[in-house]
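Here is what each chain is made of, one letter per residue.
There are 2 protein chains.
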Amino acid sequence: MDSSLLIPAVAGILAMGVVGYLVNDVLKKPRGNALMIEISDAVQEGARAFLRREYFYIAIFVAVLFVVISATPFVATGEAIAESLGWQTGLSFIIGAVASSLAGFIGMNIATRANSRTTEAARKGVEDDKNPEAGLKNALSVAISGGAVMGMSVVGIGLLGLVLVIVMVDVLSGDKGWGQHPGWINGYAMGASLVALFARSGGGIFTKGADMGADLVGKVEAGIPEDDPRNAATIADNVGDNVGDVAGLGADLMESYIESMIAAMALAVGLNVIVAPALDGARDVVSSMQILPLMLAAVGIVASIVGVATVKFMPGKKVQNSLMNGTYVSAVLAVVASFAVTKIVLPDGFSIGSLADGIEKYTWFGVAASSAVGIVAGALVGFFSEYYTSTKFSPVKRMANNCQMGPAITVTDGLAVGMKSCLWPTICLAIAMLGAYELANFYGIALAALGMLVTTGMIVAVDSYGPIADNAGGCAEMAHLDKGVREITDNLDAVGNTTAAIGKGFAIGSAAFAALALLVAYMASAGISTADLKSPQVMFGLLLGGMMPFFFSALLFDAVSNAAFKMIDEVRRQLREIPGIMEGTAKPDYARCVGISTDGAIKGMLFPGGLAIVAPGIVGFVCGAEALAGFLIGALVTGVMLGLMCANSGGAMDNAKKYIEEGKVTDKDGKVQGKGSEAHKAAVIGDTVGDPLKDTVGPSINILIKLMAVISLVLAPLLAG
Amino acid sequence: MDSSLLIPAVAGILAMGVVGYLVNDVLKKPRGNALMIEISDAVQEGARAFLRREYFYIAIFVAVLFVVISATPFVATGEAIAESLGWQTGLSFIIGAVASSLAGFIGMNIATRANSRTTEAARKGVEDDKNPEAGLKNALSVAISGGAVMGMSVVGIGLLGLVLVIVMVDVLSGDKGWGQHPGWINGYAMGASLVALFARSGGGIFTKGADMGADLVGKVEAGIPEDDPRNAATIADNVGDNVGDVAGLGADLMESYIESMIAAMALAVGLNVIVAPALDGARDVVSSMQILPLMLAAVGIVASIVGVATVKFMPGKKVQNSLMNGTYVSAVLAVVASFAVTKIVLPDGFSIGSLADGIEKYTWFGVAASSAVGIVAGALVGFFSEYYTSTKFSPVKRMANNCQMGPAITVTDGLAVGMKSCLWPTICLAIAMLGAYELANFYGIALAALGMLVTTGMIVAVDSYGPIADNAGGCAEMAHLDKGVREITDNLDAVGNTTAAIGKGFAIGSAAFAALALLVAYMASAGISTADLKSPQVMFGLLLGGMMPFFFSALLFDAVSNAAFKMIDEVRRQLREIPGIMEGTAKPDYARCVGISTDGAIKGMLFPGGLAIVAPGIVGFVCGAEALAGFLIGALVTGVMLGLMCANSGGAMDNAKKYIEEGKVTDKDGKVQGKGSEAHKAAVIGDTVGDPLKDTVGPSINILIKLMAVISLVLAPLLAG
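Protein chains in written order, with our numbering: chain Y, 1 to 721; chain A, 1 to 721.
Any given hint could be a false lead.
Identical copies go unnamed one by one, so any copy, or any two together, can satisfy a pair.
With a cut-off of at most 25 Å between alpha-carbon atoms, the simulated PhoX-like pairs for lysine-lysine come out as follows [claimed, not checked]: (1) K603 - K397; (2) K681 - K566; (3) K534 - K587; (4) K219 - K681.
These are calculated hints, taken from the structure and not from any lab test.
Produce the complete structure using the sequences and hints provided.
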């Protein structure tokens, strides 16, 4: 076994130790009064029921794909196939799927337990201690601890699983070492990717189907506020926040995290590293390049732990500042440590290329810098996402004002903002890609992806904090607590949109880079020396690939609508058939609504998910390896644009509504157009259109392009023959 | 001079003869009563005023670009540059711009004169002769004659202009012949493309700004029906139909028509045709391949004339049948004649390729078949567009039913239908592209584009017929004519959506193919042997190019919204400040509204148009010729998808509204949810969102991708150095 694996292993164990500590910390907090416990239990039960069914279907897909992968060497022959496919890859695949599922399970279990505990901390401060600031401080602490469980589980389990796979490959290879069977490791990324696809799309359908259903009947028809206990869909809505934004996002970033490492490792082998004249020297460089991503991930874990520990309530400052503080600390630490680690792991210089195509020299510094380029690009994409979606800047302000022109203009504006928001992020990503390539060839692009994700522990912690705070607010509302409690939870929740925008920036940017790196690794592995744009096969692939994100999105849209319809019918039925709901004397049947969302999500995710899995195979086997390369990049290009557009359209429409609710929009006579105004009604419609865009379709596209790329990488040896 | 040019010249003159005949035929028809004449005059005057200002700005762009193109050989050197750029290309460019402008001018002048004459024909039948069927018959005849003027002008002027350019190049080249300076001819396509860009985007902003403004104040706020004379924006709305759907569409298809010929001619030279052992034989084949597109266009003109003549009222049958009859007749004639012409013009067999890359043999039959493949693919894309947008099929029916769930679901559904509609058209186009390539290499792809467009005369005639019928209805409404008159015009107008869907299918399909062929011609001309997907420059270009259609669309969206806002303010102001408008005792100031739309369209079109013009140059000169190849194909891929999505989303939302208005939607208790119901209100909002998608953004994207490709082709010699 490679002894250098000890360091990532220790870092992974450290992350899991932190998880244990935080779980203990959260669970020992008081759960609140009986009503709050009941609400929290209902959310927990709903989330668990969904996960159970989701994992059941995922298990079927995993089993089928394991058989397919394992059986391949028996039906196809060739040295490359035996080296890269077979039961060993299948085993890695299963480990990847289990790792992602496990992280989702742990993270969501704690997130759904942290919600009422956050509310209780706020309640105690307001009601018992008459000290709202202490309430805010303690509530923040519970919420961020709950979020950090998801964050640390993602990186801890993700890295430990990868080490396990490498050790397994090492053992299975006998004395040849894991570097000899790089293909076997790819299955791990594919497993994580498969779970991410279903977690994101299923979770996204669940959360937005429930949310739209709840809003359309509750706010629009019955005229009751959000999170009102009289709305039967309320619990389902809260469950949705967890399954979509905690489990879904965690699986998404875990996938990118693993794939950027796998892509870097695959490229280390595929890129033809040369150290003339001694071939052994080249071998050493390749090994170093393979181990480097794991080392970077290890220091990233430490940086994330420090970052999470830094998040503390700062009297007189906004909650936002506390969260941003932690994010900055972890990012700066990670960058500094990355340079140190790269200097230690890599030789001073090395070369990549061939006599035919030319040889380029690279340095350890270039490699480290390419990972820093990724961090900068990710932050810039996040900044532009914030610019286009935050109430602080002109796009949302103008949109909110235009809401006075009615819903059609609101939606049109929202779509336009989303489309416009593609400009600068794309330019940033394109330039960063060129820069990372110049610094360290395609290996640099993979490291740029990893750079964006090295503090995944921190990013996911902050992102998962959002739904916990949101749920805590729902719990306060449903348990009829003091208004001051809701104020604290609103305060906690308010930062969610900005941090979510930044998180999405990293998610989209890293997905693009990871997919690019996987694409190059695929081409190297499939033995494609050039995929000429002018080749009709490549063009064919480009067109079909470009279509995929659109068609896939349409299927998800339909699934959300269908789930929402069923929800609307059910809530209406309950209002009609259960007397006393509106008066508050009878309780709606929450569980039935959760069941409807679960059904809708499961049914809705199977076809688009299956399509994403089989499409690369069909294109590759029917139209050839070059068509598949075109297909992947076509999907990447439209996917990145559609992903940016969906995320930012939805974010802008959401915040335009909030801006109006804050009473900041006035008509020509200076009259405030706040809640209940025509402008607000238009904004609510806009928000409802934007919700599935930003929380279902947009994030799922990220996974689509990554999953198709990683499947192609696994299939590559078959296509090379 | 090449004597074979006589045939296309005669065909072009024949088309212009038909134009003369039809103009005379339309103008001698009675214009109706004083009020109708007043309305028609207002629309004419508005349309002319817009064209004047639009052409003024286009003239500035043309002048600047002429100087740039002409000055190039003085600042850059190289044989290829002198051969391909310079004042000769500049002159072709001007001729192209003038040709397109002239066709638009003639077509729109007659279309705006045919409107009240159509109404009068219908009125005479209903009121004077008490014979509505005769009214319908005569009204159809006037409307189709008016539309055919645009159709025949497009093909007649388009082909004559090209012949003129070739003759000019011939003369300027001395005894070397036009085939020696293929680059000079490319300017012609660029000129037509430039005018098309502004005509489509400016016209699209005008029409939808006016339409949205008119609807939002009229239908939604003031509660007055469409085309009501009390709405100040009504005339602007009618003008918009002409500048957007007549002049814009005509310029769009004229561009594709010219570009598919130019691309085929450029590829004939660029593709390395060989006839071993005699080089002279190859020269003959190249000449034949250059002349063939002109010959096909010539027979297409004859087929279109026959098609137009076939459109006659058939007692007891729908108007739709008459129009489709004409379309089928011209298509079948064109296919049959294409095979005959190709057999005569081309030798039996020829070869393309090189010793290094391999040599492929092709036949005249393959070439003819590739053009037939284009026709079939265009028809299929049109069919799928109809499937997703017609009230006859389930997508729109389901959408219309879902409108009962409110505006948010309506819009979401509409976007989903649009996204879903990308699937089959893309598959058709991709397979057709592979097929055409197999049949006749890239020359086959250019001919497939031309195949789709060979009956452009007929397609544009039918498409321009739509706005004339629409305007005739407006005229009937505003002149308070008998209800029976409006019924006739509604009957004429009803077919518009289906034929428009088919027309859009051809427009998108031909744009994709023409752009692909231009891209290959660009690469051949820029001396790019391969543009490898794996090259970071190509990836860089792909990302930026993929972003362009999104950003460009956002700018157009904004322009439409801004124009609509100003219109809304103005209509509100008039309702407030001019007493008696609502009572019908005072007349609104229509001209002012036309002026607002004109301003909005001109202002809104300049930046996106300028961006489209300079972007290929910036990418090419800063990032290199390969990056530009990536850029073009990136824009092509996202452009085709976004174009399909926008066109079909908008069409579906429009028709869902119509389906509800027809009273075909019922709630769960079987009660009809027609005009005025909540479902209808939601559908109106959906339609308002969809309008700029289908009539501004979607069609403009087609032109964006073609224009950038043709500019790249013109710039290619500079980038090769």
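Results of checking the hints against the structure:
Taking the shortest alpha-carbon separations for K603 and K397, only the inter-copy value of 23 Å comes in at or below 25 Å, while the best intra-copy value is 38 Å. Taking the shortest Cα distances, K681 and K566 sit within 25 Å of each other both inside one copy (23 Å) and across copies (22 Å). In the homo-oligomer, the alpha carbons of K534 and K587 never lie at most 25 Å apart, since the shortest distance is 65 Å inside one protomer and 60 Å across protomers. For a Cα distance limit of 25 Å, the shortest separation of K219 from K681 qualifies both inside one copy, at 10 Å, and across copies, at 18 Å.
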